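So you can see what is in the structure, the chains are spelled out below.
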Amino acid sequence: MTSDLAQYLVTGIALGSIYALVALGFVTVFSVTGAINFAQGEFVMLGAMIAAQLVRAGLPLPLAAVAAVAGAALVGALVHQLGLRQAVGRVSPLGLVMITIGAATAIRGLALLAWGTDPRTLPSFTPGPPLEAAGAVIDRQTVWIVITTAAVLGLVYLLFQRTAVGRALRACAADLVAARLVGIDARRMGLISLVLSGAVGAVGGVALAPITFASYDMGLMLGLKGFVAAVLGGMANAPGAVAGGLILGILEGFATPISSGYKDALAFLVLIGVMLVRPHGLFGGGIGLGRV
Amino acid sequence: MTRRDLILLGAVAAAILVAPVFASGYVLGILVTTGLYGIATIGLVLLVGLAKQVSLGHAAFYGLGAYVSGLLGTRLGLHPLVTIPLAAAAAGAVAYLVGRPVLRLRGHYLAMATLGLGVVFQVILNEWVDVSRGPSGFSGIASIAVPIPGMTRDGRTLYVIWAVALAILALSLWLVRSRAGRALRAIGDSEIASELLGIGTATWKLRVFALSAAYAGIAGALYAHYVTFLSPQPFGFVFSLELLVMAVVGGIASVWGGMIGAFTIVVLTEVLRRSLPSSLPGASGELELVLFGAALIAMVVVWPTGLAGIAASIGARVTPRLRRAIRPAHG
Numbered sequence: 001m002t003s004d005l006a007q008y009l010v011t012g013i014a015l016g017s018i019y020a021l022v023a024l025g026f027v028t029v030f031s032v033t034g035a036i037n038f039a040q041g042e043f044v045m046l047g048a049m050i051a052a053q054l055v056r057a058g059l060p061l062p063l064a065a066v067a068a069v070a071g072a073a074l075v076g077a078l079v080h081q082l083g084l085r086q087a088v089g090r091v092s093p094l095g096l097v098m099i100t101i102g103a104a105t106a107i108r109g110l111a112l113l114a115w116g117t118d119p120r121t122l123p124s125f126t127p128g129p130p131l132e133a134a135g136a137v138i139d140r141q142t143v144w145i146v147i148t149t150a151a152v153l154g155l156v157y158l159l160f161q162r163t164a165v166g167r168a169l170r171a172c173a174a175d176l177v178a179a180r181l182v183g184i185d186a187r188r189m190g191l192i193s194l195v196l197s198g199a200v201g202a203v204g205g206v207a208l209a210p211i212t213f214a215s216y217d218m219g220l221m222l223g224l225k226g227f228v229a230a231v232l233g234g235m236a237n238a239p240g241a242v243a244g245g246l247i248l249g250i251l252e253g254f255a256t257p258i259s260s261g262y263k264d265a266l267a268f269l270v271l272i273g274v275m276l277v278r279p280h281g282l283f284g285g286g287i288g289l290g291r292v
Numbered sequence: 001m002t003r004r005d006l007i008l009l010g011a012v013a014a015a016i017l018v019a020p021v022f023a024s025g026y027v028l029g030i031l032v033t034t035g036l037y038g039i040a041t042i043g044l045v046l047l048v049g050l051a052k053q054v055s056l057g058h059a060a061f062y063g064l065g066a067y068v069s070g071l072l073g074t075r076l077g078l079h080p081l082v083t084i085p086l087a088a089a090a091a092g093a094v095a096y097l098v099g100r101p102v103l104r105l106r107g108h109y110l111a112m113a114t115l116g117l118g119v120v121f122q123v124i125l126n127e128w129v130d131v132s133r134g135p136s137g138f139s140g141i142a143s144i145a146v147p148i149p150g151m152t153r154d155g156r157t158l159y160v161i162w163a164v165a166l167a168i169l170a171l172s173l174w175l176v177r178s179r180a181g182r183a184l185r186a187i188g189d190s191e192i193a194s195e196l197l198g199i200g201t202a203t204w205k206l207r208v209f210a211l212s213a214a215y216a217g218i219a220g221a222l223y224a225h226y227v228t229f230l231s232p233q234p235f236g237f238v239f240s241l242e243l244l245v246m247a248v249v250g251g252i253a254s255v256w257g258g259m260i261g262a263f264t265i266v267v268l269t270e271v272l273r274r275s276l277p278s279s280l281p282g283a284s285g286e287l288e289l290v291l292f293g294a295a296l297i298a299m300v301v302v303w304p305t306g307l308a309g310i311a312a313s314i315g316a317r318v319t320p321r322l323r324r325a326i327r328p329a330h331g
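Going line by line, the protein sequences match chains C and R.
Note that the working numbering numbers the first sequence so that position 206 is 206, with each residue one more than the last.
Note that the working numbering numbers the second sequence so that position 191 is 191, with each residue one more than the last.
Wrong hints could be hidden among the right ones.
As the list claims (entries may be wrong) - Which bits of chain C does chain R cover? Going by a derived footprint, with three or more residues having C-beta under 8 angstroms, they are:
1. 75-86
2. 103-115
3. 265-273
Don't read these hints as lab results, they were simulated from the structure.
Predicted model only: the values in this text are computed from it and were never measured.
For glycine and all other residues, C-beta sits at the position ideal for the given N, C-alpha and C.
Just chain C, same shape as in the assembly:
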């Protein structure tokens, strides 16, 4: 029984890591531009699909992964330049949501045109027999997911805390008007936030694809789950979003044996519950992207 519990925990942490990456993307874009980016899940899909496509074309996996992340970052840039750039500050928050919903729909449609409905596979980063620990069977890719997520979170932390761009991003999140007054180009920061969330999402997609399948419609559910995670964390709270992702993943991991069918509903019951009890997230309001 304990080994079962360990197994669910491992599955949950792997899932939760991906949710955490998606949630981080939500928080970054929301903090800097004020838009809830419903295209966030599509970045994960793009990462997985582009990598799968390139590997099939004969590219080595590391190269394909880098290209996939760059591709998704480019799409993030396009979402900003073609939609949000014109709208931020001019259109209501409702309008911004509509724009990102439009972008998500268009990206999904293009992916369907390009790749069709067939699911794609991606090889594991390091193929081999699964590991065993504490009675749980751990797929090697699961370990890679956790390592990759930790590495990305570390890099993003350094970017926010140790670089001039990171400080400017945090300034925009803290107070957009004040940031402009000290000469920060808010539109450029908006662009950077979308490029960053595109890249972070795509890393999640590349890491996830070997244990699930990659398909054009995987972004919808992942995006929704990441969104729930971000709300759990308080929407404008980056560490909270990561914690929210892990909590959600682990909850789902433990819910799987009870009913795999109702698993997807769980996230949203949690969401509604949190909104009733703690509408500003589990960890209270506003740590933001860190103090400026």
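Dock chain R against chain C, hints included.
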């Protein structure tokens, strides 16, 4: 309701009345679908346009209406005249229960809650097989076509659905100019200012949300009696999005916009489907998705008032010139 609204309502009613005589079954199908989606979209227009709240789960209310009416009819043998109002009440009641705690909060919490509701609804439809019959669905739902000899079923259904659609249009046009409409517009402009004026913001938002869900429930129930077969598949997140696209493209600030948006998107979808016959086998509607997405972005960025807004601004420019042309002496 203004005189112009009355004239337009009359014109639409007349067009629907003669449609079965002139139009083919294909065109009648488009008109029926427009009526169904239009009812649901008008509900969204009231919610989004007036109270500035988004529902990302309206497909669930539509589906709930469809299933309530369909199941009560097939299981208990109740008449559609009984089950359709019950379906509307059920959708409104669920919206009330979800909205009551959520709408006390300011901000976009309703969008999230309805998103969750949509997913939960899909899961229940697929998993609670004893009641919903699961993913394979069920058939044998009574038709609501009025018995007129010598007319096709499409035409006879069209009358019923548009009778309801026109009633909803009229009710909504009256509503936006009533005390409720003014209160909701005030809330949409500024919640804090409205509260200071003594408007119970939470109560009004809750009422319009429940009404909007009830509209979707009615539309869904009518849909069930039109297609006479139900499965969970059509009531997913994509349909919620599609309804939102209809509202935005038509114009979220106008009741007519809801109907215009529904008509535009239904026709656009059909045109795409016919002009790109199976260019890619295995999946239908790839380009639809791309174009819907692009249309949504373009509308918000370029014409935030939607097609109804464009029509109104053209009208405002043309009408004075027309008046001058007709009555030069009074110019």
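Verdict on chain R covering the segment 103-115 of chain C, where coverage means 3 or more residues with a C-beta closer than 8 angstroms: holds (count 10)
Within 8 angstroms of chain R (C-beta), three or more residues of the segment 265-273 of chain C: It holds, with 6 qualifying residues against the three required.
Coverage assertion for the segment 75-86 of chain C with respect to chain R, Cβ distance below 8 angstroms, three residues required: With 3 residues closer than 8 angstroms to chain R, the segment 75-86 of chain C meets the three-residue bar; holds.
Violated hints for the displayed structure: none, as all numbered hints are satisfied.
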